[in-house]
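Spelled out, the chains give:
Number of protein chains: 2
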Amino acid sequence: MATIAKIDSPWGSQSDREAKRNSKRQAVLDTAVRLFNAKGFQATSLDYVAQALSVTKPTIYHYFSNKDDILFECLRLGMRQIQSAIGEVQQSAATGRDRLEVFAVAYALTMTQEFGMCTIRTSDDQLSAKSRKEFRALKREIHESLQAIIEDGMKDGSLIEGDARLTAFTMAGAINWIGRWYRPDQSMSPDQVAQGVVSNLMTGLVAR
Amino acid sequence: MATIAKIDSPWGSQSDREAKRNSKRQAVLDTAVRLFNAKGFQATSLDYVAQALSVTKPTIYHYFSNKDDILFECLRLGMRQIQSAIGEVQQSAATGRDRLEVFAVAYALTMTQEFGMCTIRTSDDQLSAKSRKEFRALKREIHESLQAIIEDGMKDGSLIEGDARLTAFTMAGAINWIGRWYRPDQSMSPDQVAQGVVSNLMTGLVAR
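Here the protein sequences come in this chain order: E and C.
Here the first sequence stands for residues 288 to 495, where the numbers follow our numbering.
Here the second sequence stands for residues 288 to 495, where the numbers follow our numbering.
Rather than coming from a laboratory, the hints here were simulated on the basis of the structure.
Careful: at least some of the hints might be erroneous.
No copy labels: a pair is met if it fits in one copy or bridges any two.
Pairs of lysine-lysine residues, derived as DSBU-like cross-links and limited to a Cα-Cα distance of at most 30 Å, are as follows [as the list claims (entries may be wrong)]:
id	residue 1	residue 2
1	K354	K442
2	K420	K311
3	K442	K326
4	K307	K354
5	K354	K420
6	K344	K420
7	K344	K442
Make a model of the complete structure from these sequences and hints.
Right, here's the structure in full:
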């Protein structure tokens with residue numbers, strides 16, 4: 288096939304246009320998630336999101352079909368950040384304890400960021416039944432991975448033996464809770480919070 | 288003043304009538320909280336609550352002015368259960384560690400019960416601005432009491448020294464989370480859950 292010589296089209300290349308579309312779509316998500324976290328999902332209208340982006344509401348409908356759709360994408364992004372932290376430690380040959388610590392700190396860091404926060408601040412009964420089902424499946428997947436790492440550590444002797452499921456809930460609770468109480472303008476950095484909560488969980492509180 | 292001889296009034300005594308009114312009011316709360324926890328606050332209409340009690344909606348308005356008012360009472364009952372656990376350990380002369388353990392187990396038990404669950408399952412942006420302010424003040428009070436017990440334990444050497452505020456958030460997260468995941472029909476009893484989560488927090492996870 289003959290190759291067509293590329294010229295500098297005033298419309299940009301197709302990949303340029305796709306990149307622009309993606310960055311606009313992402314800007315909607317970035318703005319929406321900030322408003323959902325700060326004002327609550329219910330109290331945040333799409334008009335308000337549009338206003339914050341200096342566009343009209345129909346512009347937003349170019350990228351998302353409704354507010355639930357935006358929320359679901361925000362939640363999915365938050366869950367993906369947690370999942371990518373799991374991916375990293377699943378490859379590792381370290382002890383269960385070490386893998387748990389690395390994963391837990393990364394998970395906790397996610398909870399100091401807007402998309403992670405959203406997974407805990409917004410109740411999933413705001414989602415459509417279909418999205419809710421998908422969101423809950425993602426949550427279950429993360430919980431099972433966390434539990435599996437804990438089981439590994441209990442087996443290899445690096446963690447105290449016990450009920451891995453209950454331990455996973457203990458950790459998930461303490462870590463998810465960061466998304467409820469942490470405010471980025473507070474005195475502690477995200478790293479300090481993540482390391483601090485995980486160290487409390489790993490070491491416990493009782494002096495020896 | 289001459290005393291009037293009491294007769295068996297067919298209306299009952301005034302204290303009988305008050306007791307009956309209170310028990311009916313409590314029945315509305317008991318039914319509503321179960322439905323809020325199971326179906327979500329948004330999805331639970333007052334019609335549905337009335338139906339579950341075999342009364343009409345106007346009967347419910349005899350006791351509460353609206354659904355928000357019922358939710359607020361449910362949340363207040365949950366918070367009061369946690370607060371009464373604090374009252375018990377505040378009198379005690381035991382070490383910070385021992386008081387923390389007793390309080391944390393009682394708090395965790397609350398989270399396996401309907402009113403406690405409600406404080407974590409229902410987002411407080413469902414409340415009116417006035418009720419939300421009051422609810423948040425109650426939450427802050429509980430958090431401050433928890434933090435004060437932890438500070439005592441760090442001072443008397445029974446707990447590892449550290450950031451008492453962060454430790455209080457770590458504990459509150461793991462304990463509150465019980466209200467999200469625990470289902471009363473599961474294999475673990477409320478006692479097992481409460482003892483298990485608190486023991487994880489006190490002892491930590493790392494084998495020595």
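For each hint, the structure was consulted:
| no. | hint | verdict |
| --- | --- | --- |
| 1 | K354 - K442 | neither (45 Å within a copy, 50 Å between copies) |
| 2 | K420 - K311 | within (28 Å within a copy, 37 Å between copies) |
| 3 | K442 - K326 | neither (45 Å within a copy, 39 Å between copies) |
| 4 | K307 - K354 | within (22 Å within a copy, 46 Å between copies) |
| 5 | K354 - K420 | both (17 Å within a copy, 27 Å between copies) |
| 6 | K344 - K420 | within (28 Å within a copy, 32 Å between copies) |
| 7 | K344 - K442 | neither (54 Å within a copy, 56 Å between copies) |
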